[in-house]
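Engineer: Residue numbers (our numbering), protein chains in the order written: chain U, 1 to 179; chain V, 180 to 358.
Among the hints, a few may not be true.
[Unchecked claim] Partial selection, computed: residues in chain V whose CB lies under 10 Å from chain U: (1) 212; (2) 221; (3) 223; (4) 224; (5) 263; (6) 275; (7) 277; (8) 292; (9) 297; (10) 321; (11) 330.
[Claimed, not checked] From the derived model, a few chain U residues whose C-beta atoms are all more than 12 Å from chain V: (12) 25; (13) 35; (14) 54; (15) 75; (16) 96; (17) 108; (18) 111; (19) 120; (20) 156.
Hints are computed from structural coordinates only; laboratory data are not their basis.
Note that this is a predicted model, so its numbers are computed, not measured.
Glycine included, each C-beta is placed from N, C-alpha and C at the ideal position.
Protein chains: 2
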Amino acid sequence: MWDIIPERLPLAADGRTVTDSRKVNLADYLPYLVNRVGSIIADQFGAETLAPHRLSIALWRVMAVLAANGRQRQIDLADLTSIDASTLSRIVTRLVRLNLVTRTRSATSNREVAVALSAKGSALVARLIPDAREMEAEAAAGISPEELAVVKRCLRRMYGNMKNRAAASTATRAKRVAV
Amino acid sequence: MWDIIPERLPLAADGRTVTDSRKVNLADYLPYLVNRVGSIIADQFGAETLAPHRLSIALWRVMAVLAANGRQRQIDLADLTSIDASTLSRIVTRLVRLNLVTRTRSATSNREVAVALSAKGSALVARLIPDAREMEAEAAAGISPEELAVVKRCLRRMYGNMKNRAAASTATRAKRVAV
Chain U
1 MWDIIPERLP
11 LAADGRTVTD
21 SRKVNLADYL
31 PYLVNRVGSI
41 IADQFGAETL
51 APHRLSIALW
61 RVMAVLAANG
71 RQRQIDLADL
81 TSIDASTLSR
91 IVTRLVRLNL
101 VTRTRSATSN
111 REVAVALSAK
121 GSALVARLIP
131 DAREMEAEAA
141 AGISPEELAV
151 VKRCLRRMYG
161 NMKNRAAAST
171 ATRAKRVAV
Chain V
180 MWDIIPERLP
190 LAADGRTVTD
200 SRKVNLADYL
210 PYLVNRVGSI
220 IADQFGAETL
230 APHRLSIALW
240 RVMAVLAANG
250 RQRQIDLADL
260 TSIDASTLSR
270 IVTRLVRLNL
280 VTRTRSATSN
290 REVAVALSAK
300 GSALVARLIP
310 DAREMEAEAA
320 AGISPEELAV
330 VKRCLRRMYG
340 NMKNRAAAST
350 ATRAKRVAV
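Could you put the whole structure together from the sequences, leaning on the hints where they help?
Structural biologist: Right, here's the structure in full:
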């Protein structure tokens, strides 16, 4: 998912910037830049911090979300981790077998299952948090606090834009079906 | 890969901010924010633009890199796409079968294989570029050009930081082995 901003070509005789729409400059395409950073951080955190504990990045993501947000229904956990429901279900089963999380009946509905960190899971997350913070600090080295604040705010905005977009398109489809 | 900035707690009696290092605030943790944005853009671009062409996001990434950078050795293509070498090899095989890329002998070494877009592949990328640009514009809606420039510059810096970090750690390991 990326690439795609037209490459800047030398100025035309009349001074306008000429772009070739079939040429692309990945270094300026936002989804490419985002994917690159996400991949390289996940790869290094996975190899250095998680592998010695036999954890994958997906298992870690689920545990981190539970540590931050407490007990969650599986459907909410899928949303918070950006992991699709069927993959998430397999990950939770694996975490249960490792005694890192527990599946319990939801407080609000008897038919719903909620997932929470176990004591062992909480202890493991607490142990890995300093490494995770260190990794974030190394990724952001040389970036001022003000710029970092802009980056984080913009990333939250982008996520919100995409979420609203998805909701709007679902609403449009529902309306079309209703008509 | 994420989570992990200490949650801000109410001010202590002496006015300092108190943090609980075992509590985490994902909404402020950079790797979490990056992963969320990357995932939601890839999901929506995949479902709306790529699925009708029976392309996955991974196939698209390879094609986009080839469109932007021209013919590449497979090892460079792995680096440019952030896809590991063995997965990439399978993807290239699939793209060759779909007649979207070709494998040719490298110009510099007879033993090296290089990958390039076919005419059909180039035409397909050109057709999908407007959708990819539109998706980027929708993700960045409401963000000023100045802020977007900061975001892109910081993302490039973060990638560079992580790349240098990996190189430094490889160099350290090599030195240890030598000693």
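Engineer: Confirm or reject each hint.
Structural biologist: Each hint, compared with the structure:
1. 212: With a minimum Cβ separation of about 4 Å from chain U (threshold 10 Å), the hint on residue 212/V holds.
2. 221: holds (4 Å)
3. 223: holds (6 Å)
4. 224: holds (5 Å)
5. 263: Interface hint status for residue 263/V: holds (8 Å vs cutoff 10 Å).
6. 275: Where the cut-off is 10 Å and the nearest Cβ of chain U is about 20 Å from residue 275/V, the hint is violated.
7. 277: Interface hint status for residue 277/V: violated (18 Å vs cutoff 10 Å).
8. 292: violated (22 Å)
9. 297: violated (15 Å)
10. 321: holds (6 Å)
11. 330: It holds, given that the least Cβ distance between residue 330/V and chain U is near 5 Å, below 10 Å.
12. 25: violated (7 Å)
13. 35: violated (5 Å)
14. 54: holds (16 Å)
15. 75: holds (16 Å)
16. 96: holds (20 Å)
17. 108: holds (23 Å)
18. 111: holds (28 Å)
19. 120: At about 14 Å from chain V, residue 120/U clears the 12 Å cut-off, so the statement holds.
20. 156: violated (6 Å)
Taken one by one, the earlier hints fail for this structure at numbers 6, 7, 8, 9, 12, 13, 20, listed in ascending order.
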